[in-house]
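Protein chains in written order, with the working numbering: chain P, 1 to 162; chain H, 1 to 198.
Honestly, the hints are just simulated from the structure, not real lab data.
We put the CB at the ideal spot given by N, CA and C, even for glycine.
Be careful, since some hints might not be right.
[What the hints assert, rightly or not] Just the calculated beta-carbon pair ranges, DEER-fashion:
id : chain 1 : residue 1 : chain 2 : residue 2 : range
1  : H       : Tyr48     : P       : Lys95     : 25 to 33 Å
2  : P       : Glu34     : H       : Ser47     : 45 to 53 Å
3  : H       : Gly114    : P       : Asp45     : 47 to 55 Å
4  : H       : Ala161    : P       : Glu34     : 22 to 30 Å
5  : H       : Pro183    : P       : Asp45     : 33 to 41 Å
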Amino acid sequence: MKKIFFCFSLLLSIFILNEVSAQSGDLKIINVPELEKIMTQSEGDKIKVINFWATWCKPCIKELPYFVDAQSQFPDVEFIYMSIDFSENATKAEKFAQKKMLNPSGLYLIDDVDYNSWIDKVSPDWSGAIPATLIMKDGKKYFYEKEFHEGELEELIKEKLK
Amino acid sequence: MKKVISLSLVLMAILAFSFKKGGYEVGDKATDFSLKNVNGKMISMNSYEDAKGFMIIFTCNTCPYSVAYEDRIIALHQKYVDKGVPVIAINPNDDEKSPDDSYEKMIVRAKEKGFPFPYVYDETQEITKAYGATNTPHVYVLDADKTVIYIGAIDNNTKSAENADKKYVEDAVDALLKGSEVPEKKTKAIGCTIKWAS
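Only chain P is shown next, with the shape it has when bound in the complex (with noise of 0.2 Å):
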């Protein structure tokens, strides 16, 4: 019965993942428990580059290319993008990514205006002033409050994957 009820529950988890899935590869909204969940990592899995960024802030947009030319050369990186662009801008948001080539399976919006509840949980040196990334290996959290040129990503990412 157990194992009935296991299988049972597995397919619906399944079918639940599809259909979640298949509204994809768009931007989703999520909440700060959500959050949380992406930014839970543990040893040995993917090295997660996790971008704050918004449609209204210029340097963001600015350093965005430089994270699209890291996405198409670490392959085995997951590359999220977690706008603060408010939720009724979610579609703009979204279209900007697209057009950008963010890499779709990637894009969130955090929908939580209420930011002093969840900003330390990113990072206790997080300011709160965006561009923001933070980039996790084997449960380890590196945050960087800045601007990313040319390059500097990619040489972080050789690093971390040493």
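With chain P fixed as given, assemble chain H onto it according to the hints.
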């Protein structure tokens, strides 16, 4: 030899960390300034007689988060100016990096919105560095002696003033006026990075 290298690496890291930590913490005494207001006059805190404190707000024309808070900054000033705690808004952005934050554009924006408080330009960015502001809007509430009693966000809902259930700056100023402890002394908020001159 390896030990020496790793030790110096650690030292460097500590140094880098301590350099990064510029700016004020709650309890520090803040510097006064003399910065040009949109009406051409120089503004400093010492020119306010009988002030019981100040709301120093680093903000600008261009950041959507600053714009979202403009009406709330006006309301803060109107609520507290007669009680002796005025707003002084400081634009910290370099006008080469962000042309729409130029002094001329500040004059235009102040007029459009009818700012009832001084909107001054930190052209050299020295005051911004001294305070340690990182993004806009970024608030420092000071007491009459210019001691920092609060650093951070205006409230906890950038989108809508009505939906904010924590009004950090109001709570800090109310505490200052009552002579009680500031309930939340430091908060963080998403904002636009300050555009530093290169």
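Status of each hint after checking the structure:
The hinted window of 25 to 33 Å between Tyr48/H and Lys95/P is violated, with their beta carbons roughly 48 Å apart. A C-beta distance of roughly 50 Å is found between Glu34/P and Ser47/H, which places it inside the suggested range of 45 to 53 Å. Separation of Gly114/H from Asp45/P is about 54 Å and conforms to the stated range, judged on CB atoms against 47 to 55 Å. Taking the beta carbon of each, Ala161/H and Glu34/P are about 27 Å apart, inside 22 to 30 Å as hinted.
Here the CB-CB span from Pro183/H to Asp45/P is close to 40 Å, well matched to the stated 33 to 41 Å.
Comparing the model with each numbered hint stated earlier shows that hint 1 is the single one that does not hold.
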